[in-house]
Amino acid sequence: MARQVKTSRKIAFTVIAWGVGLAIFFPILWTFLTSFKTEADAIADPPLFLNFHWTLENYTAVQERSDYFSHFMNSVIISVGSTLAGLVIAVPAAWAMAFVPGKRTKDVLMWMLSTKMLPPVGVLVPLYLLFRDAGLLDTRIGLVIVLTLINLPIIIWMLYTYFREIPGEILEAARMDGASLKAEILYVLTPMAVPGIASTLLLNIILAWNEAFWTLNLTAANAAPLTAFIASYSSPEGLFYAKLSAASTMAIAPILIMGWFSQKQLVRGLTFGAVK
Amino acid sequence: MNMKLRALMGACALGALSTTAFAETTITVATVNNGDMIRMQGLMEDFNKKHPDIKVQWVTLEENVLRQRVTQDIATKGGQFDVMTIGTYEVPIWGQRGWLADLNDLPASYDANDILPAIRNGLTIEGKLYAAPFYGESSMVMYRTDLMKAAGLDMPAAPTWDFIKQAAEKMTDKSKEQYGICLRGKAGWGENMAFLTAMSNSYGARWFDEKWKPQFDTAAWKATLTDYLDMMNKFGPPGASANGFNENLALFQSGKCGMWIDATVAASFVTNPKDSKVADKVGFALAPDKGLGKRGNWLWAWNLGIPAGSKKVEAAKTFVEWATSKDYLSLVASKEGWANVPPGTRTSLYENPEYAKVPFAKMTLESINAADPTHPTVDPVPYVGVQFVAIPEFQGLGTAVGQQFSAALAGQITADKALENAQALTVREMTKAGYIK
Numbered sequence: 002m003a004r005q006v007k008t009s010r011k012i013a014f015t016v017i018a019w020g021v022g023l024a025i026f027f028p029i030l031w032t033f034l035t036s037f038k039t040e041a042d043a044i045a046d047p048p049l050f051l052n053f054h055w056t057l058e059n060y061t062a063v064q065e066r067s068d069y070f071s072h073f074m075n076s077v078i079i080s081v082g083s084t085l086a087g088l089v090i091a092v093p094a095a096w097a098m099a100f101v102p103g104k105r106t107k108d109v110l111m112w113m114l115s116t117k118m119l120p121p122v123g124v125l126v127p128l129y130l131l132f133r134d135a136g137l138l139d140t141r142i143g144l145v146i147v148l149t150l151i152n153l154p155i156i157i158w159m160l161y162t163y164f165r166e167i168p169g170e171i172l173e174a175a176r177m178d179g180a181s182l183k184a185e186i187l188y189v190l191t192p193m194a195v196p197g198i199a200s201t202l203l204l205n206i207i208l209a210w211n212e213a214f215w216t217l218n219l220t221a222a223n224a225a226p227l228t229a230f231i232a233s234y235s236s237p238e239g240l241f242y243a244k245l246s247a248a249s250t251m252a253i254a255p256i257l258i259m260g261w262f263s264q265k266q267l268v269r270g271l272t273f274g275a276v277k
Numbered sequence: 002m003n004m005k006l007r008a009l010m011g012a013c014a015l016g017a018l019s020t021t022a023f024a025e026t027t028i029t030v031a032t033v034n035n036g037d038m039i040r041m042q043g044l045m046e047d048f049n050k051k052h053p054d055i056k057v058q059w060v061t062l063e064e065n066v067l068r069q070r071v072t073q074d075i076a077t078k079g080g081q082f083d084v085m086t087i088g089t090y091e092v093p094i095w096g097q098r099g100w101l102a103d104l105n106d107l108p109a110s111y112d113a114n115d116i117l118p119a120i121r122n123g124l125t126i127e128g129k130l131y132a133a134p135f136y137g138e139s140s141m142v143m144y145r146t147d148l149m150k151a152a153g154l155d156m157p158a159a160p161t162w163d164f165i166k167q168a169a170e171k172m173t174d175k176s177k178e179q180y181g182i183c184l185r186g187k188a189g190w191g192e193n194m195a196f197l198t199a200m201s202n203s204y205g206a207r208w209f210d211e212k213w214k215p216q217f218d219t220a221a222w223k224a225t226l227t228d229y230l231d232m233m234n235k236f237g238p239p240g241a242s243a244n245g246f247n248e249n250l251a252l253f254q255s256g257k258c259g260m261w262i263d264a265t266v267a268a269s270f271v272t273n274p275k276d277s278k279v280a281d282k283v284g285f286a287l288a289p290d291k292g293l294g295k296r297g298n299w300l301w302a303w304n305l306g307i308p309a310g311s312k313k314v315e316a317a318k319t320f321v322e323w324a325t326s327k328d329y330l331s332l333v334a335s336k337e338g339w340a341n342v343p344p345g346t347r348t349s350l351y352e353n354p355e356y357a358k359v360p361f362a363k364m365t366l367e368s369i370n371a372a373d374p375t376h377p378t379v380d381p382v383p384y385v386g387v388q389f390v391a392i393p394e395f396q397g398l399g400t401a402v403g404q405q406f407s408a409a410l411a412g413q414i415t416a417d418k419a420l421e422n423a424q425a426l427t428v429r430e431m432t433k434a435g436y437i438k
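Protein sequences appear in the order of chains Z and G.
Using the working numbering, the first residue of the first sequence is number 2, and each one after it goes up by one.
Using the working numbering, the first residue of the second sequence is number 2, and each one after it goes up by one.
Honestly, the hints are just simulated from the structure, not real lab data.
Backbone N, C-alpha and C fix where the C-beta goes; we use that ideal spot for every residue, glycine too.
No incorrect hints appear here.
Chain G is faced by these chain Z residues, among others (derived, beta-carbon under 7 Å):
1. E40
2. A41
3. R133
4. S236
5. E238
No farther apart than 20 Å at their CA atoms in a straight line, the calculated lysine to aspartate or glutamate pairs in the EDC-like style are these:
6. G:K275 to Z:D42
7. G:K278 to G:D147
8. G:K56 to Z:D139
9. G:K177 to Z:D46
10. G:K278 to Z:D46
11. G:K78 to Z:D134
12. G:K275 to Z:D46
13. G:K275 to Z:E58
14. G:K257 to Z:D46
15. G:K257 to Z:D42
16. G:K257 to Z:E40
17. G:K175 to Z:D46
18. G:K312 to Z:D134
19. G:K313 to Z:D139
20. G:K56 to G:E25
All chains should be modelled from the sequences, with the hints used to inform the complete structure.
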């Protein structure tokens, strides 16, 4: 009897999980399907699910009009660059806070997080002026700097949480064996925290890839990443949903595939230390 | 040795000269994603051939993003763009502030006097032309000829609001998802307020009196909003408070609207058999009036302007001259047909017998000519603009008032409450901005 209840519960949870999963995935699926419709089919009422005339014309139109590869390369450079730069700063910072906590460590952590609470538009004009004077407008390096600073609190917080799970005694032992600070962080701490660092890296690449406020506001023609590529397909006058969907599918495909292959690592990293 | 040195120096000089001769100036053009602009990007070969020393880079953005980006860039002198696509709302404000380079020195062959006077006046301040129109539009009635016939009515070339209401009633059959009239309901200064402000002009209403006192507490505004809500609630599609240009375009193209009053540029979409189910059953008429001497049509143009701080003004002017010239119109006609030529900018285009064959050409011109941005209302006003008020505060104000009217359409508040709120918020903002002492 007890076993039966357990099975029915299991089935219920499975159904709910699939339901939630499909609901979350549905917008992406709909975008994908719309990208193969004609503009007229894209706005058909009632909406057409699979029974429409499949066409690749939107992808052809997008390819003809835009330079996808240059936007893609900008996205790769900006997201990977900002994540690596963030890690270089965050690993020592998180080490200090996890293993040599001071009286105000918690406050510092909260202060760092508080910078995420300000709406980005609040600092848009000052930052725009700084970028203008420094000649950083519409440059990849400018965006790498900005995205590094924006995602830094999250990187530090995530790494801090992972590092706290590592017993301090191991580092002490390394120190007693004569390891320098650099060696301690590089050869003892980092290898042990690889799952955590990897998931932080992946999550931040995704965050930087999808960042649309700064990447749209600080770029023009040269450093514009895929977010700008998508934005260029929205139209005030005329039908554009199918072409916009094709552009969106092309923009999210690389990061979706990356997420797919690394999902084990991502989930492992994100749930690390959750059950205690 | 001496010979060798001389030869080397000569080669260097030649090299330097050739570098100068082929020095390429790169200009960045910020633009919106609409059919005419995209078409121009496809025709750049002609410009590149004529001006090999100028390279054009495009930044295409969604309208609202573009507006925010170019405003921010020009106000901070960011220098990101050398040519900007801007509307008739921005040009007078920016021109007055000295943010735009004037285009009075374009060569005589450009023939600036050929630009339609209604459009040119909106872009000129104190005799200086601050932007060149790329395409112009007004609004008009687009209607289903078959449904009008079935209703036993004949659409006059210049209808009244009373006729529109009567026709909407007769064309509505909600059981068949057929709605007599589709109008904008989505909140926004360029969305429902573009339509309602233009409609209010024909009802004798205005945003402000000559002393900048808001006028939403007048009978004319009450009549405008009451008639709009009445028509939309009885004969409009469900969920109309979320409908903008594109939503209504989709409804009309799928055969669900009897009439649609909106931008003249829609004519080429609804008559295109590739996307429209009703392409061969569409008629056109002037926007309605109330017998007060003003019609409910607006006037808009997308224009190319050059930021005053651009370091490449000459190259930018060369591009603007090419893109808005008579030759460009002929180029589009030769490659894509006359129906695809950017409309509403030049008198000569409407004198061309070939263009006269385009079904919506005549009505577009008449609609544009029926709008006067310098005298938009029945009673005098202190502002310029037909469906907008050309002051910097209008973007925020127009959207806030639009939200009130959209809420009234959604049934969340009454028409009286919406007007009362609109009056209160406009008085507050105009006082804060110093217009009301």
